[in-house]
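Visitor: Sequence:
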Amino acid sequence: MRSILLSGCLAAGLAACNGGATKQEQHPAKPVNFGEDVAFLQQHLKNVVVLKHASDSSGIVVTGDYQARVMTSTTGGSQGKSFGWINYDLVASQKFAPHINAFGGEERFWLGPEGGQYALFFPPGKTFDFANWQTPGLIDTAHYTVTALSDTAVTYQQKGTIQNYKGSTFNISINRSIRLLGSSDITARLGFALPDGIKGVAYETDNAVTNSGDSAWQEQNGLLSIWLLGMFKPSDQTAIVAPFQHIADARQHITDDYFGKIPAPNLVVKDSLLLFRADGKSRGKLGLSPLVAKKGAGSIDLQNNILTVLLYEVVPAGRYVNSKWELQKEPFKGDAVNCYNDGPLADGTQMGPFYEVESSSDARALKPGESLTYRQVTMHFEGDQKTLQAMAAQLWQLPLEEVQHFLSGK
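In terms of this note's numbering, the sequence shown opens at residue 12 and continues consecutively.
Where hints are given, some of them may not hold.
[Said to hold, decoys possible] With a Cα cut of at most 27 Å, we get these calculated DSS-like pairs of lysine-lysine: (1) Lys177 <-> Lys292; (2) Lys137 <-> Lys344; (3) Lys281 <-> Lys177; (4) Lys210 <-> Lys137; (5) Lys378 <-> Lys210; (6) Lys296 <-> Lys340; (7) Lys57 <-> Lys137; (8) Lys210 <-> Lys296; (9) Lys210 <-> Lys177; (10) Lys335 <-> Lys272; (11) Lys306 <-> Lys296; (12) Lys272 <-> Lys296; (13) Lys177 <-> Lys378; (14) Lys306 <-> Lys272; (15) Lys281 <-> Lys292; (16) Lys344 <-> Lys397; (17) Lys210 <-> Lys170; (18) Lys340 <-> Lys292; (19) Lys378 <-> Lys344; (20) Lys272 <-> Lys340; (21) Lys281 <-> Lys344; (22) Lys305 <-> Lys170; (23) Lys177 <-> Lys306; (24) Lys397 <-> Lys378; (25) Lys137 <-> Lys335.
[As the list claims (entries may be wrong)] Derived DEER-like restraints, expressed as beta-carbon distance ranges: (26) Ser293 <-> Ala199: 42 to 48 Å; (27) Gln256 <-> Ala142: 35 to 41 Å; (28) Val157 <-> Pro109: 35 to 41 Å.
Note that these hints are calculated values from the structure, not bench results. C-beta: ideal position from N, C-alpha, C; glycine also.
Turn these sequences into a full structure, and let the hints guide you.
Guide: What follows is the structure, given as structure tokens:
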């Protein structure tokens with residue numbers, strides 16, 4: 012049984028919508044390896060769990076202080092690259108702030124919807140603007156309790172109550188398990204064996220929300236979805252890759268103007284694949300409807316030779332909550348997948364830089380005692396560019412030359 016690493020005092024964040032942003036990068040200027048990230052987290056948090064395999068050098072670090080969040084991972088042990096973006100200033104600040112505590116981390120647990128008549132991030136009757144926007148404490152500042160622990164897996168639980176914009180109250184129990192995957196698991200998830208010379212790390216999270224109240228949830232009062240968001244380190248040679256269903260009106264089910272229209276040099280949409288620049292220099296967000304989203308997305312970083320793959324569930328006919336900050340005509344026709352590239356705000360401040368790949372479950376009318384479950388696998392691979400090219404071709408039918416052409420801006 013692996014013990015929980017205890018150290019320091021509880022850290023919290025400073026963040027607002029722009030996360031306590033400054034005009035400087037919030038992390039150290041030099042590259043930070045996995046061991047340095049773990050040491051930093053152990054210094055500032057009370058509950059840090061490191062999951063490792065005895066047979067290889069892969070590992071991940073998780074904390075219950077931040078809602079069972081996977082903070083970062085590596086393929087190379089303590090000296091290896093650290094893939095998750097961590098907001099060092101916020102973690103070290105030891106202060107809470109209004110709106111949001113954006114600690115970073117490459118997979119955090121949230122609930123949706125954010126906005127709309129069933130919003131969880133706005134109090135009843137208030138206008139949909141930043142002054143009224145507040146991340147619920149249950150998914151922002153609550154500490155989740157460890158209920159099971161081994162060298163390669165940890166399970167957390169948290170109970171609480173959450174209210175939506177309509178005034179509906181949800182009594183819920185949250186269970187979240189994180190398991191570090193082995194080589195055979197990776198092969199099974201990918202559907203092919205890893206090429207020689209590739210190092211990988213992969214973990215699966217199993218997330219469940221249970222209706223712990225005494226009445227059934229009803230669509231007319233609002234429903235909840237499980238929302239998983241990952242923050243990763245950008246580079247000038249990184250592109251998010253999101254495949255989608257090749258149907259006649261596919262483009263109508265892809266939203267690319269959440270924060271203004273994403274400019275053409277930063278986004279290319281092909282027949283069944285989109286590339287979205289992830290350099291952390293130009294703020295933009297896109298979403299894919301469950302009618303077109305496929306069960307996986309990821310990114311390729313040609314500067315650091317890293318391939319990231321996320322696998323998740325999509326229910327094409329499911330009800331997906333709409334998170335737009337407005338009273339909506341179709342509150343259950345939201346996105347299954349979202350991608351975000353961070354960048355400076357109008358005043359020059361910036362939280363990151365980072366980029367995000369997000370996925371959501373569908374929403375269900377749960378009876379008392381019923382649960383909604385949602386799973387996601389996150390994988391990172393390192394190797395030479397030729398080998399990564401072969402993997403990208405197998406996963407997404409994506410030629411490396413196409414990525415290079417897109418990133419060059421030609």
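Visitor: Enumerate the violated hints, using their earlier numbering and listing them in ascending order.
Guide: 1, 3, 4, 5, 7, 8, 9, 16, 17, 18, 22, 23, 24, 26, 28
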